[in-house]
Amino acid sequence: MAQHEHTEHIVKPGTYMVIISSLLILTGLTVYAAYINLGKYNIVVALAIATLKATLVVLFFMHAKFSPRRTQLVIVAGIFWLALLLFMTLSDYVSRVDYRGVHSPFTQVTRPAIRQFS
Amino acid sequence: MHRTEGLYGQFRTLEQQKESATLGMWIFLITEVMFFGGIMLTYTINRHTYFHAFAMGSNTLDLRLGGFNTVVLLASSFTMAMAVWSSQVGKKHLISVCLALTILLGFVFFGVKYIEYAQKFHHHLVPGRNFNIAYCVNNPGSCEDIKPEDLAVERDEIAEAVAADPDLNSHAQLYYSAYFGMTGLHALHMVIGAGLLFWLLKHSLAGQFTPQWNTPVDVVGLYWHFVDIVWIYLFPLLYLIDRHK
Numbered sequence: 001m002a003q004h005e006h007t008e009h010i011v012k013p014g015t016y017m018v019i020i021s022s023l024l025i026l027t028g029l030t031v032y033a034a035y036i037n038l039g040k041y042n043i044v045v046a047l048a049i050a051t052l053k054a055t056l057v058v059l060f061f062m063h064a065k066f067s068p069r070r071t072q073l074v075i076v077a078g079i080f081w082l083a084l085l086l087f088m089t090l091s092d093y094v095s096r097v098d099y100r101g102v103h104s105p106f107t108q109v110t111r112p113a114i115r116q117f118s
Numbered sequence: 001m002h003r004t005e006g007l008y009g010q011f012r013t014l015e016q017q018k019e020s021a022t023l024g025m026w027i028f029l030i031t032e033v034m035f036f037g038g039i040m041l042t043y044t045i046n047r048h049t050y051f052h053a054f055a056m057g058s059n060t061l062d063l064r065l066g067g068f069n070t071v072v073l074l075a076s077s078f079t080m081a082m083a084v085w086s087s088q089v090g091k092k093h094l095i096s097v098c099l100a101l102t103i104l105l106g107f108v109f110f111g112v113k114y115i116e117y118a119q120k121f122h123h124h125l126v127p128g129r130n131f132n133i134a135y136c137v138n139n140p141g142s143c144e145d146i147k148p149e150d151l152a153v154e155r156d157e158i159a160e161a162v163a164a165d166p167d168l169n170s171h172a173q174l175y176y177s178a179y180f181g182m183t184g185l186h187a188l189h190m191v192i193g194a195g196l197l198f199w200l201l202k203h204s205l206a207g208q209f210t211p212q213w214n215t216p217v218d219v220v221g222l223y224w225h226f227v228d229i230v231w232i233y234l235f236p237l238l239y240l241i242d243r244h245k
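Protein sequences appear in the order of chains Z and R. Quick note: the first sequence, position 42, residue 42 per this note's numbering, numbers continuous. Quick note: the second sequence, position 31, residue 31 per this note's numbering, numbers continuous.
FYI, nobody ran anything at the bench for these hints, they're computed from the structure. If you're wondering where the values come from, they're calculated on a predicted model, not measured in any experiment. Treat the hints loosely; a few may be bogus.
Derived Cβ-Cβ restraints for the label pairs, each shown as a range [claimed, not checked]:
no.: 1; chain 1: R; residue 1: F28; chain 2: Z; residue 2: G39; range: 34 to 42 Å
no.: 2; chain 1: R; residue 1: P140; chain 2: Z; residue 2: T55; range: 37 to 45 Å
no.: 3; chain 1: R; residue 1: V153; chain 2: Z; residue 2: A48; range: 22 to 30 Å
no.: 4; chain 1: R; residue 1: T31; chain 2: Z; residue 2: Y35; range: 17 to 25 Å
no.: 5; chain 1: R; residue 1: L205; chain 2: Z; residue 2: V44; range: 42 to 50 Å
Glycine is no exception: its CB is placed at the ideal position from the N, C-alpha and C atoms.
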């Protein structure tokens, strides 16, 4: 068997306990925040908490914090690619004007009801 | 292929071999990020365009079931992380215990999901001919699992939403299509993950994972945590759109 020095970083159970507790507290917090009327900022708060939770999972449960730089670069590049997808598509949607001269589809479409409630 | 115990010929050390495996898994997970990202983008555009219908649809979901499932899934990520730790320090018995717990929690999630889906069928909330966002409000006798005071709130909400969007029933089907599409694909990923966990359990019971060689545990762990992250986003996006009434 080939010789190798065992330099792998082992995350301790104590760290996992802290992370799972934080995740559960943040879950409670996101439900609590959803019941407060923050207007258009409700979604901002919800996504901020979700991103914080996802970051904790990636860094500690998935060991990204202790991974080689090469692996970390791949993760960051992936997130950047997702940001490109979201940013460029949404910027097209918010700026596009359809044949009637109205912004579409970020406009409430008001057509007659197709089917009445029974 | 030349192979010395666990080490394949193209690698110099076991550590290098393991780093390559996890890097490959991360590249696969990035493709998964793009896959779910496209679906979430569709969701975002529809939610913005038909906000009243999405808010109404979200409020017909059962937050207790969704919240419970979130806790179950986070707990399963913890047991998976503990399985990885057990394999790294060579606690062979504990690996199997942690993997079995992870599978168990996964099945609790499926059970709750079954209850939720069945409820949506009973409440006429599956997109198609018989979709009716106001079914429970108009037929309270058929929806005994909803409290009368909740139905009263729902009645007011529907009246308000129809005033803002006369075609609410069609647009609410877009919400429920997103709901079934996103939670369905997430559940499919969990079914695959559960299959992988059974495979790991078989090998861990045979005592094959050691501190020197535990790559499969690590790689399946990455996959399981990724599925957890998808749910971390789905929970607020689907259940918590417009709860502050």
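Going through the earlier hints one by one, which of them does the structure break, listed in rising order?
-> Failing hint: just 4.
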